[in-house]
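Letter by letter, the chains look like this.
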Amino acid sequence: MPSYDRIFDRLGLRDWCDADASEAPMSMAQLLAKSSGGEEGGALPFPSLDTLHEACDAIPQTRDMTLSVEQGFLAIKDSLKFVLDPLTQPLSWMLEAALWAFTATPWWVLIPLLVWVAWVATRKVGITVFVAVVFVFFGLIDHLDVALQTLSIIFVCTGLSVLLGVPVGILMSRSDRMQKVMLPILDMLQTLPSFVYLIPLIFLFSVTEPKLYGIAIILYAIVPVIRLTDLGIRLVDKDVIEAANAFGMTDRQKLFGVQLPLALPNIMAGVNQTIMMSLAMVVIASLVSAPGLGVLVLRGIRNLELGVGLVAGFGIVLLAVMLDRCSKAALQRIDPTHETD
Amino acid sequence: MTSPKIRVRNLYKIFGPDPQRVLPKVRDGGIGKAELMERHGHVLGLRDISIDMQAGQISVIMGLSGSGKSTLIRHLNRLIEPTAGEILMDGQDVMQLDEESLRRLRRRAMSMVFQKFALLPHNTVLENTAMAPRIRGDARETREAEARKWLDRVGLSGFEDRYPRQLSGGMQQRVGIARALTADTEIMLLDEAFSALDPLIRTDMQDLLLELQTELHKTIVFITHDLDEALKLADHLVILKDGAVVQQAAPQQIVMRPADPYIEAFVGDINRARVLRAGTIATTGEPAGAVIGEVDWHDTLEDVIRVAEGRSDATVMVSRDGKAAGKIETRDLLSALIPYASGRGDAARADASRASIPVSARITTPPVV
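Taken in sequence, the protein lines are chains A and B. Taking my numbering, the leading residue of the first sequence gets 1, the next gets one more, and so forth. Taking my numbering, the leading residue of the second sequence gets 1, the next gets one more, and so forth.
Next comes chain A alone, as it looks inside the complex (with noise of 0.2 Å):
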C-alpha cells in the first residue's frame, strides 16, 4: 500500500483524501491486514475500491457499493409495494382458488376429471393410461395431495405466463425496436439464478403471500413462450404473408387468421417450454412457502431424509413427463402441418 499511499501523495490530494479522516469501521480485511502487521512484501495488489481506500480514506469501499444498492431498493421498496401489491393481489387469489380447489375435490372425482383432459388434450390412449396411473402411483405412496398441490400451481403459473407471455410476443414480432429492448431483458431474465428472483422479492411481499411465489415462477418461465411467439410469426411464410396483403387483409385479420395459426406449432412448443420451467422453479419456491413435492424434497436436504427427498424427486419426475408427453402430443394435433388423414 505504500506504493498507493505515494501516487495519492505525489498527485496533491492528500488533504482530499484526509478531509475526513476513517472514523469509519474497519474491514474484516483490514482489521486482519493489521493483526497480520501490515505486508511490506512489496507485492502489489490490484487497485481494488478497498486497497485504495487503505491509501486514501475518501475513496469508497466495495462494501459501501453494494450497501448502497441495498439502500437504493430499500427507498424505492415502499412505492413500488404500493404499485405492486393491488396488480399483483389476483395472483394470490388464483393461487389460493387454485390450491383450494385441488385439494378441496375429493380424489375420485378430480383424478378421472384429470386424466379426461388428458384424453381430450391428447387423444392419445398410451399417454391418458400414463396419466391415469401416475395419479394412482402418487395416491398410494400418500403423495397425491402434494403433487396435486404443485400441479395446482403449475397450472396458475403456465396459464398466466400464455395469456401475458403471447401478446409480448406478438408486439415484440410487429416491431423491430421492441425486440431489440426485450431481448436483453429476457436474457437476463433466463441467465439470472434461479435464487435471485426471490431476494428483492421477499423485500417487497410478506412470505405467507402465495403471490410471492407465483411471480419469482411466472418471471422464470414467461421467458420460452415470448421468445417462440416472436420468433413463430416471424417465420411465417413471406409469400403467405404477401398473398394476405395483396387480398386486403387488415392487420387484424392478418393476425388472427394466418400469423396466429401458423406460429401455433411454435407458441406450442414455447408453453411446453414454459411448464417444464415453472416445474423447475416450483421446488426452488418451496424456500419461500410454496406447498407442493418441493417442501419434500426441501426437508430431505434439511433433515438429512434421504428416502423423502428422493422419493420427492422421483415425483418431480414424474410430473414433468406426465406434462412433456401431454403438451407434446396436443401440440402434435393442433399443427397444421403434422395432420394425417
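Calculated directly from the structure, the hints in this document are not laboratory data. Check each hint, because a few of them may be wrong.
To be verified - Residues from chain B shown here face chain A by an in silico Cβ test under 7 Å; the list is partial:
1. Arg21
2. Met112
3. Ala132
Claimed, not checked - A few chain A residues facing chain B, derived, Cβ under 7 Å:
4. Val240
5. Ala243
6. Asn245
7. Ala246
8. Met249
9. Pro261
C-beta: ideal position from N, C-alpha, C; glycine also.
Since the structure of chain A is already known, use the hints to place chain B on it.
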C-alpha cells in the same frame, strides 16, 4: 381505342438506404445498374418503365431473373412502393391512395396468383378459394357458393375439404387461380404462376387460362421468364432487361422485328412455325393464279405448311372473318421461318440486313434441345 385499364408512367424503383438521393443520378445522369451498385451502393430495380395495359387483354411481362419483372408486378398493387413515377388504374393514381382506399383496391379491383401458390396451409381448399370474399366480409353461404363454382370451373370439385398440402403442385395452383377468380376482380396479376409446374401441367394451365380468358375478358398481367409461354399467352408482350423495357409490342411483331440483339438472341431459338400467324406474313391483295388452299388469319404457319402440303411453290389464301384478306407465297413463308439473328439458315440475308450489329455483341443462348 379506349384508354388503357392500367397505365404505368416513368416508374423508377431503387433499392437501398437513400433511393431519393441517387434517383436524379439515374434519371438525369443516366448511370447504369452496375455503376449505381459500385459507386453508390444502391440496387436499380426498375428504370423508367412506361407500359399501357389494355382492358380485357393479357399483357405479358417477360425477362430473365433479376430483370425486375416480379418487382414491377408488385408495384401495380403497391406491395412495393416505387421510388418515382405513377401508376394509373382507370385513370386513378394508385400512388395517391391512402391505406384504406388501397385496401379497398386490393380487395375489389385486383387479385393475384403467386409462383409458390401461397395458399393458407391451415385452411381447406374451399376456405382458401373463398379467401377474398371472406376478407371482404361476405356471408358464408354466398362466398362458399361462389368458391364452389370456380373450383368446379378449374376442375377441382370434390377436393373442397382437402388441405393444400394434400394436392399436387398443379392442383394447388388451380386453387390459386380459383381463389383469384372468386375475388371477382377486373384485374388479375399472375406472378410466374406456372413456372414452378412440370412442363405438361404448365401447358394444361396455359390452356385453362386462355379458355377462361375467352369467357371472362379480364385484364391480365402475366409475369414469366419463358418465351414460349409469353408468346402463347400474350396480347401485348413487354420484354424487360436489367429493370428497363427493351421492347414492347404484339408478340408477332417482336418475333418478326426484334428491336435489339438481346431480343434477337431470345427469339432465335423458338419454333417460329408454331408462333407466327398467317396474318403476320400475309401480303394483301387477291391471290393471282391458282391457290392450293385457304387458312384463317389467326392460324399458325404450321397450319399454312400443312395446307400447302409442304410444297415450296404454292400460294395459300388467307381469310379473315370468312372473307379473303390476303395471300401467302410459300417461298415467303420459308424465309419467315428463318430468324435473322440466329446465325443459321440464310446467313447472307441476315448479314445484309443486320450488318451494323457485330456478331460478338450478340448474346449467345443455349442450343435448342
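We went through each hint and held it up to the structure:
Taking 7 Å as the C-beta contact cut-off toward chain A, the hint placing Arg21 (chain B) at the interface is violated, the least distance being around 23 Å. A least Cβ separation of about 4 Å between Met112 (chain B) and chain A falls short of the 7 Å threshold, and the interface hint therefore holds. At its closest, the beta carbon of Ala132 (chain B) sits 5 Å from a beta carbon of chain A; the interface hint therefore holds under the 7 Å criterion. The interface hint given for Val240 (chain A) holds, since its Cβ lies 5 Å from the closest Cβ of chain B, which is under the 7 Å cut-off.
Of the supplied interface hints, the one on Ala243 (chain A) holds, with its beta-carbon coming within about 4 Å of a beta-carbon of chain B, less than 7 Å. Residue-level restraint check for Asn245 (chain A) holds (minimum Cβ-Cβ distance to chain B is 6 Å; threshold 7 Å). Interface restraint check for Ala246 (chain A): the shortest CB-CB distance to chain B comes to about 4 Å, inside 7 Å, so the restraint holds. Interface hint at Met249 (chain A): satisfied, since its Cβ lies 5 Å from the closest Cβ of chain B, which is below the 7 Å cut-off.
Contact between Pro261 (chain A) and chain B, as hinted, is supported at the beta carbon level, the nearest pair being about 5 Å apart and thus within 7 Å.
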